[in-house]
Amino acid sequence: MQTLDDQQPPARLAIWCLATTANVDLAGAEMLEALRTELRARGVTLKLAEARGPVRSALRAAGLEHHFGPIRENATISSVLSDSPGDVAAPV
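No gaps in the numbering here: position 78 of the sequence shown is 78 in this note's numbering, and each next residue is one more.
It should be emphasised that the hints constitute simulated quantities derived from the structure, not laboratory data. Just so it is clear, CB atoms sit at the ideal spot from N, CA and C, and this is done for glycine as well. Errors might be hidden in some of the hints.
[To be verified] Quick list of simulated restraints, FRET-style, between CB atoms: (1) Gln8 <-> Arg60: 16 to 26 angstroms; (2) Ser79 <-> Ser57: 13 to 23 angstroms; (3) Pro70 <-> Leu35: 26 to 36 angstroms; (4) Pro85 <-> Leu26: 14 to 24 angstroms; (5) His66 <-> Gln8: 29 to 39 angstroms; (6) Asn74 <-> Ala22: 13 to 23 angstroms; (7) Ala34 <-> Arg60: 11 to 21 angstroms; (8) Ser57 <-> Gln8: 30 to 40 angstroms; (9) Gln8 <-> Gly53: 37 to 47 angstroms.
My request is simple: use the sequences and hints to build the entire structure.
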C-alpha cells in the first residue's frame, strides 16, 4: 500500500494478474474483495486480469463479479488497460 500511496501522480488503477494462479479458495476470494474495498477507499480501482478456467469459476462462485464486474476469460492486462483509459495516467 505504501508504494501506491507514494505514486505521483496518484495511482488510480491496480491490476491483479491471476495468470499463474492455479486455484482460489474462499479465503483468497475474500482477500481480493477486502483489497478492492481498501483500494477503493484510497481512490484506486482494482481490476482482475488473466483469470483462467477454475480460478475464474471460483471467483464467480464466490460472488466477486458483483464487485468487480464481469470476470472475462480473455481479460489480459493489455485489454484491462485499454478498457480503463480514464484510470491510466498518460506517460510523462
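Checked hints:
no. : hint                                : result
1   : Gln8 <-> Arg60: 16 to 26 angstroms  : 36 angstroms, violated
2   : Ser79 <-> Ser57: 13 to 23 angstroms : 20 angstroms, holds
3   : Pro70 <-> Leu35: 26 to 36 angstroms : 19 angstroms, violated
4   : Pro85 <-> Leu26: 14 to 24 angstroms : 34 angstroms, violated
5   : His66 <-> Gln8: 29 to 39 angstroms  : 33 angstroms, holds
6   : Asn74 <-> Ala22: 13 to 23 angstroms : 19 angstroms, holds
7   : Ala34 <-> Arg60: 11 to 21 angstroms : 18 angstroms, holds
8   : Ser57 <-> Gln8: 30 to 40 angstroms  : 39 angstroms, holds
9   : Gln8 <-> Gly53: 37 to 47 angstroms  : 38 angstroms, holds
Comparing the model with each numbered hint stated earlier shows that hints 1, 3, 4 do not hold.
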